[in-house]
Amino acid sequence: MKLTKNTPEPEIPTSSMADIAFLLIVYFMLTATFAATRGLDFALPKEDDNQQTEIEPEDAVLIEIDPAGNVQVDKKAMEINGQILEYLAPKLQANPKKPVIIQPNPKSPYGTMVQVFDLLRQGKLIERQLIWREKFPEISEEQWEAGKNISISIPTQREIDQFWN
Amino acid sequence: MRIKPRHTQQPVIPTSSMADIAFLLIVFFMVTVTYEKDRTQVELPKTDLRFEIPKEVAYISVTTNGVIRVTNGEELSSPIDIADVVSFASNVVSQFPGRPIVIKADGAVDYEKVDKVIDSLKQAKVELIYLLSDQKTVDRGGAV
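Heads up: the sequence lines are chains F and H, in that order. Take the first sequence: its letter number 138 is residue 137 in numbering that gives the first Met the number 0, and every next letter is one higher. Take the second sequence: its letter number 126 is residue 125 in numbering that gives the first Met the number 0, and every next letter is one higher.
No lab work stands behind these hints, which were simulated from the structure alone. As the structure is a computational prediction, the values presented were derived from the model and not from experiment. Errors might be hidden in some of the hints.
Said to hold, decoys possible - Straight line, CA to CA, 30 Å or less: simulated DSS-like cross-link-like pairs of lysine-lysine: (1) H:K45 to H:K115; (2) H:K115 to F:K74; (3) F:K45 to F:K106; (4) H:K121 to F:K45; (5) F:K97 to H:K121; (6) H:K124 to F:K106; (7) F:K106 to F:K123; (8) F:K123 to H:K54; (9) F:K75 to H:K112; (10) F:K90 to F:K147; (11) F:K97 to H:K45; (12) F:K74 to H:K135; (13) F:K147 to F:K74; (14) H:K36 to F:K90; (15) H:K121 to H:K45; (16) H:K115 to F:K75; (17) F:K90 to F:K74; (18) F:K123 to F:K45; (19) H:K121 to F:K74; (20) H:K112 to H:K3.
Unchecked claim - Derived coverage of chain H by chain F (criterion: at least 3 residues anywhere in the stretch with Cβ under 8 Å from a Cβ of chain F; other residues may be distant): (21) 7-13; (22) 21-32; (23) 119-131.
Unchecked claim - Sample of chain F residues lacking proximity to chain H, with all beta carbon distances greater than 10 Å (derived): (24) Y86; (25) N94; (26) P95; (27) I151.
No residue lacks a Cβ here, since even glycine has one placed at the ideal position from N, Cα and C.
Take these sequences, add in the hints, and give me the full structure.
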């Protein structure tokens, strides 16, 4: 009589692998932070003690921010929108090197300064300009072109005290 | 004649590909995971423009109650005094030349606090900073 042993098929127990895999998925999902790693870049001017390019407030466009977050451009109250660009466009065309100085009041909210900086920074980018161009047909091509070279300066309180007073 | 019971197939859910999917997801999350060096909760200012910030950066966070926390990007952030920001930034510049410093400040914080931080960074000869922001969603570009 032939004896055939009923040997079970050899197999790797994979039933628990899914448990482990999903545990790992959940762990990485929870620890994954799609962190807000985006923002505005701002190149700080190189501070050479002797070769400080002196900017007189009179030569520049001065954007002031008061403690309530209201914006004044050359002492004229403006909203943080295209109005500022519209004001700047002819001035930049006349003198592309004209610096724009943002001078927030020490007690003004930081967010307002960022908004103003964001707006001015947009003048440098063609793709952003296109959006604004639709809204401001009266600003000419040359004026937009000049806006690309806008030099934005945010002097710190120490620099203001040092150079302007 | 007895009819043989039909040889019905046992119903199974095909789970063999589940592992593939699961491991694909694991790999995805492992690759994208970035352990945040700075977990300070702030209400970031909102901007239209947002540029990608490189991974290797130092952070300085400023909260509304005036607490400043810093990390050079290698370890978890720790609170420091405003007067020590210059030495911190100098260390970052000498240890990791060219590494940008990200300012993560609450939008409602008084500007003077950020001003002092920026001034310290200028003194430490930092070349590039980033102002961390959230995407502006409503009121795009402001009322015209």
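Evaluation of the provided hints:
Distance hint between K45 of chain H and K115 of chain H is fulfilled; the C-alpha atoms sit about 21 Å from each other, no more than 30 Å. At roughly 25 Å between alpha-carbon atoms, K115 of chain H and K74 of chain F fall within 30 Å of each other, so this suggested pair holds. Our distance criterion of 30 Å between C-alpha atoms is met by K45 of chain F and K106 of chain F, whose separation comes to about 27 Å. Restraint check for K121 of chain H and K45 of chain F: the C-alpha separation of about 8 Å stays at or below 30 Å, so the hint holds.
Proposed proximity of K97 of chain F and K121 of chain H is supported: the alpha carbons are some 22 Å apart, at most 30 Å. Pair hint K124 of chain H plus K106 of chain F holds up; C-alpha atoms about 26 Å apart against a cutoff of 30 Å. Between the alpha carbons of K106 of chain F and K123 of chain F the distance comes to roughly 28 Å, so the proposed pair stays at or under 30 Å and holds. Between the alpha carbons of K123 of chain F and K54 of chain H the distance comes to roughly 25 Å, so the proposed pair stays at or under 30 Å and holds.
Distance hint between K75 of chain F and K112 of chain H is fulfilled; the C-alpha atoms sit about 26 Å from each other, no more than 30 Å. About 13 Å separates the Cα atoms of K90 of chain F and K147 of chain F, which keeps this hinted pair within 30 Å; it holds. The hinted pair formed by K97 of chain F and K45 of chain H meets the criterion: a straight-line CA distance of about 27 Å does not exceed 30 Å. Of the pairs offered as hints, the one joining K74 of chain F and K135 of chain H holds, with about 27 Å between alpha carbons and a cut-off of 30 Å not exceeded.
With a C-alpha separation of about 24 Å, the suggested pair K147 of chain F and K74 of chain F falls inside the 30 Å cut-off, and the hint holds. Note on K36 of chain H and K90 of chain F: the hinted pairing is violated, with a Cα-Cα distance of about 44 Å set against a maximum of 30 Å. Annotation: proposed proximity of K121 of chain H to K45 of chain H holds, straight-line Cα distance about 24 Å (limit 30 Å). Distance hint between K115 of chain H and K75 of chain F is fulfilled; the C-alpha atoms sit about 27 Å from each other, no more than 30 Å.
Between the alpha carbons of K90 of chain F and K74 of chain F the distance comes to roughly 15 Å, so the proposed pair stays at or under 30 Å and holds. A C-alpha spacing of about 21 Å is found between K123 of chain F and K45 of chain F, which places the hinted pair at or below 30 Å, so the restraint holds. Of the pairs offered as hints, the one joining K121 of chain H and K74 of chain F holds, with about 28 Å between alpha carbons and a cut-off of 30 Å not exceeded. For the hint pairing K112 of chain H with K3 of chain H, the CA-to-CA distance comes to about 88 Å; that exceeds 30 Å, so the pair is violated.
With 0 residues having a Cβ less than 8 Å from any Cβ of chain F, the stretch 7-13 of chain H misses the three-residue criterion, and the hint is violated. Closer than 8 Å: that is the beta-carbon criterion, and the stretch 21-32 of chain H has 8 residues meeting it against chain F, so the requirement of 3 holds. Chain F is given as covering the stretch 119-131 of chain H, and this holds because 11 residues of the stretch bring a CB closer than 8 Å to a CB of that chain, at least three being needed. For Y86 of chain F, the requirement that its beta carbon stay farther than 10 Å from each beta carbon of chain H is met, with the minimum near 14 Å.
Annotated as non-interface, N94 of chain F keeps its C-beta farther than 10 Å from every C-beta of chain H; the closest such distance is 25 Å. Every CB of chain H lies more than 10 Å from the CB of P95 of chain F, the least distance being 21 Å, so the non-interface label holds. The claim that I151 of chain F is not at the interface with chain H holds, since no C-beta of that chain comes within 10 Å of its own (minimum 12 Å).
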